[in-house]
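Student: Here are the chains, one letter per residue:
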Amino acid sequence: MKDRVGKLKAVTGRTEFSVFLGLLLLTVAMSIASPFFLKTSNIFNVLSQISRYGIISVGMALVIITGGIDLSVGYVVGLCACVAAWLTSQAHLPWPAVLLLVLLLGTVIGTVNGLLVTKMKLVPFIVTLATGKILSGCTLLLTKGMPISFESSLAWLGSGYIGPIPVCVIIMFLVIIGGSVFAQCTLTGRNIYAVGNNERTAELSGIKVKKLKCSVYIITSLLSALCGIIVAGNLYSSDASLGIGYETDIIAAVVIGGVSMSGGEGTVWGSLIGAAIMGILKNAFVLLNISSYWQSVVIGIVIIVAVALDVLRVNKKEK
Amino acid sequence: MKKRLLNVILAAVLAFGLVGCGSGSSPAAAEPSKDTAEESTEEPSEEAADVSTQEEAADTDAGETADAPKFNYEPKKNDTGNEFRIAALTVQNNPFWVDVTKGIEAAQAFLAGGDYNTTVDLITVDDFDGQVFAETIDTCIVKGYDAITTVGVSDAIVPAINKATQAGIPVYVFNSDTEKESDRVAFVGQDLYAAGGVAADTAAALIGEKGKVGIITGLYSVNAHELRRHGIEDTINEKYPDIEIVGTTENHDSADEAYTQTKDFITGNPDLSAILVTAGGPHGAAKAIEELGVQDQVKLVCFDTTTEIVSYVKKGIINGTVSQDPFGQGADPIILAYNQLVTGETEVTGNAFTKMDVITPDNVNELFPE
Amino acid sequence: MGDSVICELQNITKRFPGVVALDQVNLSIKKGEILAIVGENGAGKSTLMNILSGVFPPSEGRILYEGQERRFSHTREAQELGIAMIHQELSLSNALSIAENIFQGRLPKKATGLIDKKKLFQDSQKLLEQVGLGGVDVKTLVRDINASQQQQVEIAKALSLHAKLLILDEPTSALTPAEANVLHGVMGKLREEGITMLYISHKLDEIMKISDRIAVFRDGRYIETLITKDTTVERMISLMVGRENSAAYTRARYMSEEDYNSRPVVMEVKNMTVHKKVQDVSFKLYQGEILGITGLVGAGRTELLQAVFGADKREHGEVYIEGKEIKIKHPSDAIKSGMGLVPEGRKAQGLFLEMNVRENMSIVNLKDQISGFRLIRRQEERKKVTEFNNRLRVKTPSLEQKIVNLSGGNQQKVIIARWLMNNPKFLFLDEPTQGIDIGAKTEIYDIIHELSENGMSVIVVSSEMQEIMSLCDRVIVMYEGKVSGELIHSDFEEEKLMTFMSGK
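Chains as they are written, first to last, in our numbering: chain A, 1 to 319; chain B, 1001 to 1370; chain C, 2001 to 2504.
Each hint should be verified, as a subset may be incorrect.
Said to hold, decoys possible - Just a few of them, taken from the derived set where beta-carbon distance is under 7 Å, the chain C residues facing chain A: (1) L2027; (2) V2297; (3) P2343; (4) Q2349; (5) F2352; (6) E2354; (7) I2363; (8) L2366; (9) I2376.
Derived from the structure by calculation, the hints contain no laboratory data.
These figures come from a predicted structure and were not determined experimentally.
Backbone N, C-alpha and C fix where the C-beta goes; we use that ideal spot for every residue, glycine too.
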């Protein structure tokens, strides 16, 4: 009996639960506020839009849990989108080769990030900001500022449907489920939380901390590369401005979803709730005809509140 | 426990704020402004935005019987018995769009009248972001608008335009068309390539058909800018062999960047004869030329007639600017779309080029009196 | 040094949950003297100094300073009265200059509000001369001067606050003998100016050299004050260790010389060197023994152990297990060869504070509790954790309890269980009973004893004399990175050990 009450408390006491409540309230409010909100087409639209950063937030959650951060994700998306388009239209490669090469590119970028952070012990914030900028330059060099059209079977990933459901939404759910199982139920997942909790203790417990930290950056860049293909597929075109600003939304989604910026805490599926909240808010602005300027203000406020709540939570623990 | 409560309060306040915004026309929704949660700042501002559009509608209702503003196309009276809803999407990143917005708002006010019975929703986007425009068009489809007018910011919106057309929603593109072909009904805007040629001719005449010129273009990714640029370059290369293009830069529609780039051009080419700016921010170039005091040597030709540009033309720093009727670009697509909804027929297809004038220091005072 | 008393502590008692740190301490401090405070770890020295400098108040008793009773609610209040503490960890900002550090937070300002640089440098220069650093430029950055000079700057800072009573906590632990001499010179000068100093140190020969009187503490009680010129190191030591203590822990049996001759050597460490911390240390570990490693702070015990375990870089050194050399570059290598390490400072290195009991316990052995795809078998994990939970009698309401909610003793048991679950052949424990009450201590001793009875070879690093003597079959004493002595249980004597620890 005690254990059952304990389990109930364990569920409701979690951050994810209260964030989920917030999401429910938001959904209810939106359905009242706009008759279009619950239309199937709108729901799938919103889910599609969320999938762009929802997919990457799985990786970002893991990175932040280990105590790091990755500010290069948006630029990886942009570069990979343009590379995919270029390989298809200029190099005329078949789609399996394009897919493989782009994912390989993501892996390489992630490895560079990971090595700079672990071997050279550089601060992740600065490192990933810098690599992001370099990638942005590479994208401009590749595209010379012009858009590149993306007509390929791979575009199905971004604009295809299975039944009524967009493929990218299915991919998002698969990635989130896979990511959650990985984080909560596997040995590596447990080790990742351990590293985020206390690197020294983890090292002394035999965990190869450096390797683990490196691998989460690789996962994140890989997912960003996939996202690049999806985004290009959705628009049938790519240009250097794609992906810019993604990192803000992704980090916001992850933090709102309960991952703590100080590491060691939070879940992958919580990020989905965070992404959903952000997505619904953005959708709200257009559905309700509110000027886009307010959108930036409100989203900024929501991010500040989420991070402040996170800090309060950590401080309370330390007392 | 405390943090959980805060989370729920946050969501509740957001929720009530949104409900307050969406529900009905009464701006004075009895939202508790005495909320203790931190987010109370955002709630009243959302309402304020909503309130302003309501007030506008109220104002024009009163002025319904005033003269219809000069539209390039005649709006037909609505005898279908249906109310129509049109979405007008525009950018808002520099002064040029202010005039476009005036055109949209004029159409909006006019069509709200009893004989026309149409609501026009103005939707602004901060920047030339193709992805955001595409998502916005998607949402407009969901909201079941009867027609959509939009700036053709990039090829990224082509799938969305096609989706809308397939759903039975006609789409009109203005100011800049997409490079890729889409299912849009018509393009309302400048014959951009020809305009480029006109600008080149104007500049050539000013410098005696010989010398060095620099080109400052807006964005390589915007088709409109590209067409003008190609128009300029092709005309110079074909008609004026003694004119050399020393360089091309991208100023992203920003006056600041145009300012810096102009100074760099002049520093790198002390014998520069002219600068052509294809898109937004030419007053930055004008400021640079004025500061360096080289307006007699370096001629400046650009496009559009924002307040800043007009004032520099009057000063003689800008020697020629090609106008593209921004007011018309805002209003015409809406009127055309409205007419299509009322009559069921398309009045114009393909390209509906707006009129082009060259404003110079000689005619500026006549066309733009104080 | 006259006979006037600057400060008197009367019946000071301090209680923490589960332990009495100070018991009815009475101490008189004479104005202008250098009074040494000595005692073993846990004797209460730090607690007493914290009370005197205002970090926390006593549970009972009173402080009389300059004739008046004082209650400090903040260190600032003590500072304003002239009581300043120079901690072991210096509080200087490396990137700022000496002058800026001395007057940190109190930079002199001109009428306009800008910093009065001239006055700042002048005042700093005067203070530097007072502490014997007159030749150093006050504009030098703190990171560009050596450790002993930094210490002098700390003292200058205290003097700038008009300190009358300086408390120096292990001031020479990070200094070379030459640098220590410089410090002592400074102290001599200050004494001539009438400043009183309390000198806490384990370095007994220094104390003999520098102090006027020596106050000895033991087990939270004040024992006696010796007059330095009339006493000896031996007398000091005997007062420090003399115990009426009856219920000392004892094991059923300890290994004798014959045992040592018959048991095999299971592990041997040769020429272990860790940069600046451990010099060329070699030792053997016999089957089933409990080997103790002890020494003062800075002796290099922890560094030695962590180097063997692969947790810290070594300059050179080899580890042999049953005669074969094993390359250990990372703790995972050590763990594979059958080692386990319960580190010191469990909050910093031993626990995952955000996780629960189960997660803390299973972390090392988890790799044996997984199925394909590296998925964790929850049932198996729970079963194993429950088994070890019971075996070590860990008191916790459930396995899912957050580890921070357990008492220190139970936390330590969880860490020990973590390693036992992995079935090690060698278990290293570094300060295993740090911050744990008597009851839990005994339990842990029993556990360690049982392990050795069952054939596990154990190394215990400890600075508590009592613990070493009651738990270990053999002890190695370290001093400043080298082995200074070795004794087997039958030869254990406190004074002998203390002597080794002080480097003789």
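Student: Please list, smallest to largest, the hint numbers that this structure does not respect.
Tutor: Result: hints 1, 2 break, sorted rising.
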